[in-house]
Amino acid sequence: MRRVVVTGVGVISAVGQTAVEFFENLIHARSGVGEITHFPTEGLTVTVAAEVKAFDPSAYFTAKQVGLLDRFAQFALVAAREALLDSGFSPTEAESERFGVAIGTSFGGMETLEAGYERLYGERNLRLHPLTIPRIMYNAAASQISMFFAARGPILAISTACASGAQAIGWAYQQIKYGYADVMLAGGADAPITFGVMKAWEALRVLASGRGDPARACRPFSRDRDGLVVGEGAAVLLLEEYAHARARGARIYAEIVGYGVSADAGHITDPSIEGPASAMRAALAEARLAPEEVDYINAHGTATKANDRLETEAIKCVFGPHARRVAISSTKALHGHTMGAAGALEFAAALLALQRGIIPPTAHYTEPDPECDLDYVPNCAREQKLEVVLSNSFAFGGINAVLVARRV
Amino acid sequence: MTVQERVIRAIARACHLDPEQVHPEATFEELGVDSLMGLEIVFELEEEFKVSIPENLAVGMRSVRDVIERLRTLFHDAGELGYSLEPSS
Chain A
1 MRRVVVTGVG VISAVGQTAV EFFENLIHAR SGVGEITHFP TEGLTVTVAA EVKAFDPSAY
61 FTAKQVGLLD RFAQFALVAA REALLDSGFS PTEAESERFG VAIGTSFGGM ETLEAGYERL
121 YGERNLRLHP LTIPRIMYNA AASQISMFFA ARGPILAIST ACASGAQAIG WAYQQIKYGY
181 ADVMLAGGAD APITFGVMKA WEALRVLASG RGDPARACRP FSRDRDGLVV GEGAAVLLLE
241 EYAHARARGA RIYAEIVGYG VSADAGHITD PSIEGPASAM RAALAEARLA PEEVDYINAH
301 GTATKANDRL ETEAIKCVFG PHARRVAISS TKALHGHTMG AAGALEFAAA LLALQRGIIP
361 PTAHYTEPDP ECDLDYVPNC AREQKLEVVL SNSFAFGGIN AVLVARRV
Chain B
1 MTVQERVIRA IARACHLDPE QVHPEATFEE LGVDSLMGLE IVFELEEEFK VSIPENLAVG
61 MRSVRDVIER LRTLFHDAGE LGYSLEPSS
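Quick mapping for you: the protein sequence lines, in order, are chains A and B.
Just so it is clear: in the first sequence, position 102 is 102 by this note's numbering, and no numbers are missing.
Just so it is clear: in the second sequence, position 66 is 66 by this note's numbering, and no numbers are missing.
Chain A side only, calculated, beta carbon under 7 Å to chain B, not exhaustive:
no.: 1; residue: Ala63
no.: 2; residue: Lys64
no.: 3; residue: Pro130
If you are wondering where the hints come from, they were derived from the structure by calculation, not from laboratory data.
Note that the Cβ used here is the ideal one computed from N, Cα and C, for glycine as well.
Chain A with its partners taken away, still in its complex shape (with noise of 0.2 Å):
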């Protein structure tokens, strides 16, 4: 059976415009959260976001290129860049066939969407720019990276909400597993953060209200928690066939051993336990790893109420004793909910932390709930030798995704 590794890591987020800064800034519990910079906030009741801060698309691109890119599609573009870049990877002709791309996103091109229908319904100007569709398909991510990296494999764009960054890795993976393509660069992006996005999660009632201070509005697993923080961004890895790897001398930060997927089939909103616990199942038994064998779960811990509350509950019915030993933290009180970015930004966490022995902190924990008590290592990062991690991606719609990697 081939194998697939990872062997590089691109990421731009509200805590780090590359995989290095990204990881300090988680290890040191830096919030990337804050009052929103983007656009006028007024109208909104909730005004905090983990925004991308001070990003020129001008360092990245020329003039030309950024018309054609909204900036979820710039935010993919310069995480595959990175991991493309960290992996030395540079596919020849013959290569180029056997190189391929899965990007998910939970948004596509938003902001372009937003101010097209700006002009259109509330200026009444009936003349929409030419490259509007090109800026708004979910599939423009995708096709950018391959026509910019000359990948002429395999490609998908996945739009599942909040899986969709963890279902892309997992289909990258599995066309690397079953022989369809030697090379994969794979991850999400997205750009949430417009007045339209915000307006329609407020109207759902499941933000955080960033009441006091903004940068601590996210809390998961903490019981005064009070919801989600939309954040924005796009996590890129380079995943390759093991032996592709080696031949190249390429540095390998793990191997991915399980990728589970299960759907709740039951509540458009509402988690179960079932289904994650499934979907955690399923994972471990690709991996061929024991429960026990697991030393660390990227939560999906969004800080609402009922996610950390029947995550906690699904770790313990797959983990079992081993749930109250086992290391959890949800990095989301950082780098926000970045929705289809959210589970490549979290399984690049997780990577990081085995590469480096450092385990990032649940931050902003101030209260125990006695309906979360697994260790969510609080407020301080842990240096611990790490063999292997496990990633969890719950989206609306009741779709679970789940990751697990192991040291090589």
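Add chain B to chain A, keeping to what the hints say.
Below, chain B alone, put in the same frame as chain A:
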């Protein structure tokens, strides 16, 4: 501002260039105009002159000069018919 200057300004916007970089005799091939950029040029011209440019008007245009001449003709014909296509600003 003359029609020529305004055509150049619109084309420059579409091509992400400074107006000084767009010579009136430049061909679209020289400016690296592909199918999408062609649409952007039409869009920017419509924005600039606040007119609606019909699909067939753009057919066969190969240079900045072609656009300038075509628009001059369009404005002239419209004037003959009693329409005002010359924008206010």
